[in-house]
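Undergrad: So you can see what is in the structure, the chains are spelled out below.
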Amino acid sequence: MDEIIVEFLTESLEGLDQLDNKFVLLEQNPDDRDTLASIFRTVHTIKGTCGFLGFSHLEKLAHAGENLLSLLRDGKLSFTQEIASALLNMLDAVRTMLGEIERTETDGEESYPDLIQVLNRLKEGGSAPPARPPPPEPADATPPANESSAAEDADVDGSGSELLPPGSVFLLEPVSTPPEKPSTLSSAQRPESPATPPSSADTSAKSAQPAAQALERTASTPAALERASSTPAPAAGGPSIAESSIRVDVPLLDKLMNLVGELVLARNQIVEYTLLQENPQLMAASQRLNLITSELQEGIMRTRMQPISNIWAKFPRIVRDLAVNCGKQVRVEMEGKETELDKSLIEAMKDPLTHLIRNAVDHGIELPAVRQASGKPEEGCLLLRAYHEGGQVHIEIADNGAGINPIKLRNKAVEKGLITLERADAMSDQDFRRLIFLAGFSTAEKITNISGRGVGMDVVKTNIERIGGVIDLESELGHGTTFKIRIPLTLAIVPALIVTSGGERFAIPQVNLLELIRVNEEQRDAAIEYVHSNPVYRLRGKLLPIVYLNHELNLIATARVLNIVVLQAGQHQLGLVVDQINDTQEIVVKPLDKVLQDIPVFAGATIMGDGRVALILDILGIAQQARILSDSHDQNVAAQLEKDRDRKAEIQTLLLVRSPGNGRLAIPLAPVSRLEEFESEQVESAGDVDVIQYRGQILPLVRLKNVLSASYSSDRLARTETGALTTPLLQVIVFGDGARRIGLVVDEIIDIVQDVFETKGRATRAGVAGTLVIQGRVTELFDVQSFLQRMMPLLALAEGA
Amino acid sequence: MADNHQLCTFFLEDRFFGVDVEKVQEVIRYQVVTPVPLAPPVVRGLINLRGQIVTAIDLRRLLQVGDPQDDHRPINIVVQTRQGTFSLLVDRIGDVLEVDQSCFERPPDTLEGIARELIQGTYKLQGRLLLTINIDKLFNLALLNRYRATAKNTG
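In the order they appear, the protein sequences are chains A and B. Heads up: the first sequence begins at 1 in this note's numbering, then just goes up one per residue. Heads up: the second sequence begins at 1 in this note's numbering, then just goes up one per residue.
Calculated directly from the structure, the hints in this document are not laboratory data. Ideal Cβ positions, reconstructed from N, Cα and C, are used throughout, including at glycine. Be careful, since some hints might not be right.
[Unchecked claim] Label pairs and their in silico Cβ distance ranges:
no. : chain 1 : residue 1 : chain 2 : residue 2 : range
1   : A       : Gln597    : B       : Arg106    : 50 to 60 Å
2   : B       : Gln52     : A       : Gln789    : 51 to 61 Å
3   : A       : Leu256    : B       : Asp14     : 23 to 33 Å
4   : A       : Ser533    : B       : Asp67     : 25 to 35 Å
5   : B       : Gln52     : A       : Pro495    : 17 to 27 Å
6   : B       : Arg116    : A       : Asn554    : 29 to 39 Å
7   : B       : Leu111    : A       : Val561    : 50 to 60 Å
8   : A       : Gln597    : B       : Arg92     : 56 to 66 Å
9   : B       : Tyr30     : A       : Ile4      : 55 to 65 Å
10  : B       : Asp67     : A       : Leu276    : 38 to 48 Å
My request is simple: use the sequences and hints to build the entire structure.
TA: In structure tokens, the structure reads:
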């Protein structure tokens, strides 16, 4: 059976069960608007859904009931027993139909025209209740039959009448007073008479004429009710839908999940202990415990798993509406909609996915005419795909639309000042496409009510990253765009690597883990190199920034060997040095208290096999704290661009000098005009600046060390107390020509090299454009451009002279 | 305000304190505490309370009673506050005392700093003074202030 029908049945049956009780409540207190409103809502929902599913008979009946209820709810009619009976009859009929649907997937042949008629009549005629003093009993012409059948079939509607006193008062009354029955029958016609307007005061006059009608009706209605009570019977053989599924509170599931987590921990302890005991019986028992626990864990996990179709189900409609709005034709295809993931993740993915879908329809897929012109079928296609791979859920959203035009993105980004023109030149097309994830970015030519306000893709990205996911895109101009999302299966129990640092254990979620490196004690010192004072490790020719966990957490290091855990933090990689690497374990993530949530490096805590608490590291937080990650996306992109710019570079000639701190620095030779050596006696002062007379000009001098410090200060060259410079000979690199010259004082010029150089790492301090490996050594690349810019005031000095 | 008639009492060094017994979930002996690096100094760490992870607050540090010795094995008083469940680390646990409202007095004006915020008042018992602590104030105001203060000092 179609899942949506099953859901409809479950929901409706549940609603109906509550309605029985509510009607009874209402009878006690007819003015209870809240109860009326809630009854109305339930019936309304049933009507709405079955109309959508195409059960027209059911819809008509529910509609009639709904109309009556809406009048009651608005206070235009007052609630009478007669109305109650009619409505209860309607409920029974609805129940019968639902039973029919469950068995045959159709709502049956019976359309209950009489009941509908009754309902409609009540709706019109009910406004004159004072005209008929004894209205209560009449309608009960039908309930007796209803009651008797209901009593037999206690399962369905007996509960309302038997268990609840108010219900029994009203429903049992006719049964308990059999002598009145004939009179009830005859009086039944009175209020139901359609022919007489309600305003008529003469009640007795009406009674005669509709009598036959009423008798007819009473004959037909019990028949229907008989069916109502008899139809569920055959279905009772197997479990009906109402019985085969129940609704459970998510907090209860969370609790169960927690308990299973505890059980897993207890199991671990017992298994460990058993191994020491050499008791075969205990061993067997513990193995059984082991198996059962694993199965239980899996079972509980599954209770929280939901198919992704739960969110996808709404998309065809969204797409349809959007497409109609934009005058486009879009077909939605889905693959792997049964792919399951944790409920909390389903919830978290709802908005990002909806946003991506909207974007795809609004921006991705072209207008039919445009598509036709480019030789594509008029109807665009949106493909949603989900699958499990590598312990993660992959979700793809692909359209066969126009694709993303990198040039357009580039221009927009430059125009908005998100990137500089110069950077843009160095970017690849893929970089441009990734720009859409920047905050405040939109290329939609006009802002529509659907998308294009420039908020969105960055939010999508943030939301996905928040649940530990990753998003990327592929796009080919003219052929379409594919967004690829990877998210973890569940957040509650995650596999993690347990490490020790400073005597404490920490858990690193395995999603972040790339590889483990162990460096022996002897090689330890050589393995770590420094870019300025920042440690890096050469991993297969690429520079991997190193973060010491002990240092970040202010712990005391104990290890002699170097254990590097290579981690992926967003788009970046980093090597986390820990004292010891223990093992991998399934851990149960527990949140930290509010007072500790300010600490970005922890994602939560867990309880280990020995009952002690261990903290879970938040790799993104650590990267941020260690400044591996830049704070904003913009800088993030900038870093990437910097890399690309140098990758593109042609053969370069670089001047290698020794940088302060015994590092190596490469200075592009092109802007250098001369290399000079001056005697320190030649240096003179002009105000705060060291200068030297050079070719009839005044040449300002600056020290490399000062240029490289974050805050440039025009510190003087180091002097002894007598005013003489400490170094006898100055190595000076002269930049510029004519009057606009500046001299850079370096400690030592090592070499001049010529090659194609590829930047391997990011700049780590001011005045440096990046890091490269030259002659097998880590070398920083001097940023001449920014250097000259910062030295403008000094150049002016020389000019003025 | 301070009309709690039953107080769970405890000692920090030789100082005598009490908290409303209604707020106390349980008292448990010394538990292994997992320290939380970078946390405010008043947070001693986390303990495992039957599967629930509870933040342990060093009451000595919070009330500035002086740092504990190395072999100090504090008792946990687990309290329920509006901010959640916390464990208060104290030196020794006393009895649950029924106190008479008539011997309650507000803290003297000479009391300063965090203690002033946290100490509700004193019960003048025979031979000693019992200070009562307002648990609900413990975890928003005082702790955060302390946290900021320490952050300023170190950074």
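Undergrad: Decide, hint by hint, whether the structure agrees.
TA: Hint check:
1. A/Gln597 with B/Arg106: 50 to 60 Å: violated (34 Å)
2. B/Gln52 with A/Gln789: 51 to 61 Å: holds (58 Å)
3. A/Leu256 with B/Asp14: 23 to 33 Å: Violated, at about 47 Å.
4. A/Ser533 with B/Asp67: 25 to 35 Å: At roughly 34 Å between Cβ atoms, B/Asp67 and A/Ser533 fall inside 25 to 35 Å, so the hint holds.
5. B/Gln52 with A/Pro495: 17 to 27 Å: Between B/Gln52 and A/Pro495, where Cβ atoms are some 23 Å apart, the hint holds.
6. B/Arg116 with A/Asn554: 29 to 39 Å: holds (31 Å)
7. B/Leu111 with A/Val561: 50 to 60 Å: Holds, since B/Leu111 and A/Val561 (Cβ atoms, about 53 Å apart) stay within the stated range.
8. A/Gln597 with B/Arg92: 56 to 66 Å: Given a distance of about 32 Å, which is not inside 56 to 66 Å, the answer is violated.
9. B/Tyr30 with A/Ile4: 55 to 65 Å: The hint (55 to 65 Å, Cβ to Cβ) holds, given that B/Tyr30 and A/Ile4 are roughly 57 Å apart.
10. B/Asp67 with A/Leu276: 38 to 48 Å: At 40 Å between Cβs, range holds.
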